[in-house]
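Q: As a plain string of letters, each chain reads:
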Amino acid sequence: MSALATNAQGTAQETALAVSHLNITFGSGAAAMTAVDDVSFTLGHGEAFGLIGESGCGKSTILRALVGLNRDYEGTIRFRDTVVPRQRDKSFFRRVQMVFQDPYASLHPRKMVQYVLAEPLRIHGFDRHQERIDEILSAVGLGPSFRYRFPHELSGGQRQRVAIARALIIEPELLLLDEPTSALDVSVQAEILNLLKQLRRARDLTYLMVSHDLAVVTHLCERVGMMSEGRIIEEMSAEDVRAGRAAEPYTREFLEASTGYRPAS
Amino acid sequence: MAKPLLEVEDLFVSFKGAHRTTQAVRGISFNVGREKVGIVGESGSGKSLTGRTVLKLTPKAAHIDARRLSFDGIDLLAASERQMRSIRGNRISMILQDPKFSLNPLMRVGQQITEAYRLHHKVGRREAEARALAMLEAVKIRDPDRVYQLFPHEVSGGMGQRIMIAMMLIPEPDLIIADEPTSALDVTVRRQVLTILDELVTRRGAGLMFISHDLNLVADFCDRVLVMYAGRIMEDIAACDLRNARHPYTRALLDSLPRLDRATDMLQVPSRDPAWLDGPTIRSGAAT
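Sequences listed follow chains W and D, in order. For the first sequence, counting from 1, position 8 maps to 8 in the numbering used here; every step adds exactly one. For the second sequence, counting from 1, position 154 maps to 154 in the numbering used here; every step adds exactly one.
The calculated SDA-like cross-link candidates involving lysine to any residue, where the alpha carbons are at most 25 Å apart (straight line), are:
#, chain 1, residue 1, chain 2, residue 2
1, D, Lys122, D, Asn104
2, W, Lys197, D, Asp265
3, D, Lys122, D, Ala206
4, D, Lys100, W, Glu54
Simulated from the structure, these hints should not be mistaken for laboratory data.
Next up, chain D with everything else stripped away, as it sits in the complex (with noise of 0.2 Å):
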């Protein structure tokens, strides 16, 4: 198997507080090579602060401590402010949530994205905006023209979700990091998303972390699935095993979802078990 793109292993993030430290991501280790890997969990489990710590975007206080946290053979816990951000944007870019908060108000949306291509790339604005508008066509965004002029505010949320993709997606980072891109979406609009994600991502064999608090869309879109609880990974398994998931956290998870296929008359409410605080991570099957 090829070397992965980014390796994890024993990875700690914690929050001291006046009174006592909060441990929000408790010894985790995981890899993600150029693959779809789905991170799901419920709030407070820890899912997006992994997501955050790979590109040491972390707040202030917290503190990050690992055996090994590295990419592409670049150890970024010992990596300066400086090396982080020809990381960032570069080789590793985060999609968010929310279009609306995550785009500059007051740039036009075309400007934004030539202005990404420039940060990492020693190009002239004419062969820059040439790209963007390019970008803007591969995010199927049937205008380039006209969007290229548009301010974040005028364009649609399944739009604007669009754009972000194409500003990620300019540099050709190796590494993608989407934290819940498709929450703020509707439901239609939700697959064109995904479906231009997944083109992107499968074309230019990049890796993708795809965080996510939807069980059923991340079996069927990605190839790994990391389920997350109290800051630490309960299950890791390949997504069509889903279904199938050992672990008694990942099952119930799927048990409290309405069914579509089905009518059930109550719903599993998941009871915790204090003992997965501490249990071993289920990988494919098997307990390590």
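Isolated chain W, as found in the complex (with noise of 0.2 Å):
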């Protein structure tokens, strides 16, 4: 499949990840429960699209199938036009970053800030770590005081940017986005929402971004998924969902208790 995506400039792209039909099921037998169900959707170069769903509606499952950490599925996962495979090599890792929820759990306690970001140059050999570490803690914010830093020291805003830091060290060209602000104040979202904005033009990335907070999901991304019980119900644009413009009921009925609170009937 080359099909070619259009992104936010209207100008046509090649596909960055095209996944097409996965079915992920857990369990088997009686009690099988599947979570992803022929889920297709496509993503060009430099594009950012967003998976919105509640809880239990396998968006985030499709995230940790996307990134290898459950290779138990079925249907078929391209990234630049080739093949991902089950068994992820460490060319796909260089490419594919992840930054997941919680900046509390996802950095070791024990580690040094400066020995987070430099693990990942290590693996995949990279030279001038020190460079690369400075460089990439200026990018997202933070001083290169910062890298004599352990967790614990650093606020949760200060936190979620070097697991920012962490995956971007490596020059990525995907990053999947699992919740990155849902565990942080408002103030410090605007803050991470700003960096990611601003990163992605100043690196030509391309962000797929699982939320369950549609203005969060419609701020970053161009298009939007929205998920209900496994399966994307609907691909809408952000002007789409600003505009309300929803054909399905559960989609309107999401959008409408997103906007504040008025008594459901």
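Hints given; two lone chains; assemble the complex.
A: Below, the structure written as structure tokens:
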């Protein structure tokens, strides 16, 4: 499949990621639970696509399958027109990285920031470790002085910046974001969202983001896939979401529930 | 105007440390009547601690000091632990964030609701059970007889939170303190839970202190909003006026939210002014 996707600027660009007929089932026999049900979507290079839905709709399961944390899936995942092997190799992680939800849990408590950032460089055989660490720290808005800090010496926003730095230090093309701001305060959330937006422009990144917060997803992504019960029930542009143009009743309900509080009927 | 239920004047809460004393709440004053008052702020602003102080459920190390802390004429500061126990749950109750951690995992949910009622009312088991079932129905649980027999791990998050509300409302308290009651819930479930809470609070004419970090939600749900920062109330404003807030901090918080109604390129990151730390509280548009 070499379909051309259209990015925000309206120019045809090559496909970065194509997922087709992805099925993920947990358990077997009568207890089988289909978590992801025939999900297909494509992401153009430089595009930001958001998956949104309630807890248990399968959005994080998709990310985990994409990044190789769950190999037990059916369907094909293509990255740059090549089918990704089930056992991910180093070259895949060199180009696809993930940022997790909770920066308190995703950084090793006993490792200094410097070590956290040097590890991916070592694994992927990069040179100039010290320069790269300084570069990435200033790119995510932390100074070089943060090298010698432990995670407990950082605030939530600073930790998430380190997590983003760790993902970006090996210059990947695709960043998978699993609720990157849901553990943070609104003011810190604004900082991180601005940072992600600015990094995407500066580094020509492609984002796949998962969130339950509609306002956050539409802020960062041009296209949004509404998920329910393991399926993408509707794909919309961010403008559609803002204008409230939704075809499915579930999406309409979700849009309405996301805009403050109106008594449910 | 009727006498407010809860009167707080110049409340300080501090924690004594080995080297320095941390002032978590620094001289706040507010009243809660039979209305829905939202308290918003970022983590560490002292909003949850304020809620806990009202019930005197603060950690042992906390030192509470206030010119006035009274509930319905009772001086809470002078109240003995025995008096507090008759107030907690009975007159003032608290709904916590996550039902997973605040329900007893080893007790059937129905029993927990019954227990909450019998603790404060001298009634037989049968009658309490009937009341609990009626309460489960009031929080829109479809099959109360079945749910009564369930354990907390067998119910979903939304249902757990409704059970929690049932448990907290069954002694018919006058004041309910809800500490982030919907943060752990999905948006569509959140709406159902809030509708139920709204209905029950309005019908009984109780007062509600709604602690949350979600400004949009509070603006829509509550009657009045207190915005807290660094242990102080920055602004005390009618919820309908929140969008025209005067305090720069309130404005900054509102501007830092991604908007659904229009596209913004970069979000405003609030900058903080040290002068706010000791600045005046803006009440309904006027500094006091």
